[in-house]
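Start from the sequences and build out the full structure, keeping to the hints where you can.
In the order they appear, the protein sequences are chains V and X.
Per my numbering, the first sequence runs over residues 7 to 261.
Per my numbering, the second sequence runs over residues 3 to 164.
Certain hints may be false.
Derived EDC-like pairs (lysine to aspartate or glutamate); straight-line CA-CA distance at most 16 Å [said to hold, decoys possible]:
#1 K131/V with D133/X
#2 K145/X with D60/V
#3 K131/V with E107/X
I should point out that these hints are in silico values taken from the structure, not numbers from a laboratory.
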Amino acid sequence: MATTDIETPATAVGARAGTGTLFTRFVGLATIVGMAALGVFGLLLSPPDVQQSDSVRILYIHVGTVWVAYVAFAFTALASAAYLWKRTTSLAWDRFAGASAEIGVLFMALTLVAGSLWGRLSWGKFWVWDARVTSTAFMFVTYVGYLAVRGLGGSHHQRARRSAVVALLAVLEIPLVHFSVKLWRGLHQDSSVADRTNVNLHGLMLFSLFISVIAFTLLYVWLLMHRQRVLAMQDAIDNTGLDYALRQRRDEGDL
Amino acid sequence: MDLTPRPASEAAAPKARNRRKMLSVGLLLFVLLAGILVVSKFLTQSLDYYCNVDEVGQKDGCEAGRRLRIQGVVDKGSITTDNGVTSFNLTFNKVTVPVVYDSGEPGGLFQQCIPVVVHGVMKSGTFEGDDVEVKHSNEYDEKNKNRVATADAEAAACSQSK
Numbered sequence: 007m008a009t010t011d012i013e014t015p016a017t018a019v020g021a022r023a024g025t026g027t028l029f030t031r032f033v034g035l036a037t038i039v040g041m042a043a044l045g046v047f048g049l050l051l052s053p054p055d056v057q058q059s060d061s062v063r064i065l066y067i068h069v070g071t072v073w074v075a076y077v078a079f080a081f082t083a084l085a086s087a088a089y090l091w092k093r094t095t096s097l098a099w100d101r102f103a104g105a106s107a108e109i110g111v112l113f114m115a116l117t118l119v120a121g122s123l124w125g126r127l128s129w130g131k132f133w134v135w136d137a138r139v140t141s142t143a144f145m146f147v148t149y150v151g152y153l154a155v156r157g158l159g160g161s162h163h164q165r166a167r168r169s170a171v172v173a174l175l176a177v178l179e180i181p182l183v184h185f186s187v188k189l190w191r192g193l194h195q196d197s198s199v200a201d202r203t204n205v206n207l208h209g210l211m212l213f214s215l216f217i218s219v220i221a222f223t224l225l226y227v228w229l230l231m232h233r234q235r236v237l238a239m240q241d242a243i244d245n246t247g248l249d250y251a252l253r254q255r256r257d258e259g260d261l
Numbered sequence: 003m004d005l006t007p008r009p010a011s012e013a014a015a016p017k018a019r020n021r022r023k024m025l026s027v028g029l030l031l032f033v034l035l036a037g038i039l040v041v042s043k044f045l046t047q048s049l050d051y052y053c054n055v056d057e058v059g060q061k062d063g064c065e066a067g068r069r070l071r072i073q074g075v076v077d078k079g080s081i082t083t084d085n086g087v088t089s090f091n092l093t094f095n096k097v098t099v100p101v102v103y104d105s106g107e108p109g110g111l112f113q114q115c116i117p118v119v120v121h122g123v124m125k126s127g128t129f130e131g132d133d134v135e136v137k138h139s140n141e142y143d144e145k146n147k148n149r150v151a152t153a154d155a156e157a158a159a160c161s162q163s164k
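Right under this line is the structure:
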């Protein structure tokens, strides 16, 4: 009977069960090594700060996570532009954008939590409506909105077009957030590493910060590869679910 | 051909999709409200002008008698605490104002020679603060690396805005 060779959603996913490859395992291993190094340098080898003492160690989480959030949102915009570019319209770009935004939102949430704890220790408050803090919170809310737009339904290409437009608008917030400390007076300090000639960090602190950026970037790459493959599987389930239903109806018609 | 309606189990997928869609619509509404809240909070706070100590009474919006946020560096040796009232002098650009803060000890890294922002009103030459926020610098250095260097750094911080 014709129905016996129909690919069900379950078999479609089963055919490529798992999202790991040799490369993802290599990146995963490098991430573990990077995070272990961050733990050693951030908690043990880097010195306490002259003013902030041990609370300065939050810097290694705060900066690493916000760096990843910026990178993730920038890649979401690039992938969205690639999807919209003339006739490219490959859903792989859309899934890349979606996966990157999800990770960006997660890391931006971590930035806000780490910043809030650091604020309590240094400013004396968990939260202030300062320009940098407010614009970061606004960006977080915008990208949660982006994820909500992705779930509004319709076909995969409708989802991709809609969310690509939102992503290209939302990315304009990155320069606003970054330069907010220069545009408005506020509590949040300016960048400590403005350029190569203007570094306001003790050597080992700077090195720990460097390790933090590398380790969190590796984590981002690892998460991104897995997540966009999971999204591909979800799309496959939708597609094969539809194919399955259509073929079942056709088979019934043939009987 | 069987044209009877599908059993409930086969209609589950569209139902799940609808649930996901409704969840997304709800999340979008929540995001909209959160965005409005964030912007309105920022704008409300901005109603209190942010002035450097030397701008109080000099710059438009920084008039005495209205709510302000003033920024300056806490003078060395000026902090006193009496019955839950903390008093200190705040200096910026060689202009100093006395500050009284009646809500106990300011939190965070509050200490002498550190930049702070005080919320309150200027009355009869004294700034009556109800909120103190510490504004730490973007410079980080090793603690107790060398006591002379630490003392130099503190002296530099104290004289920075004078």
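Cross-check of the supplied hints:
1. K131/V with D133/X: 10 Å, holds
2. K145/X with D60/V: 9 Å, holds
3. K131/V with E107/X: Satisfied, since the Cα-Cα distance of roughly 13 Å is no more than 16 Å.
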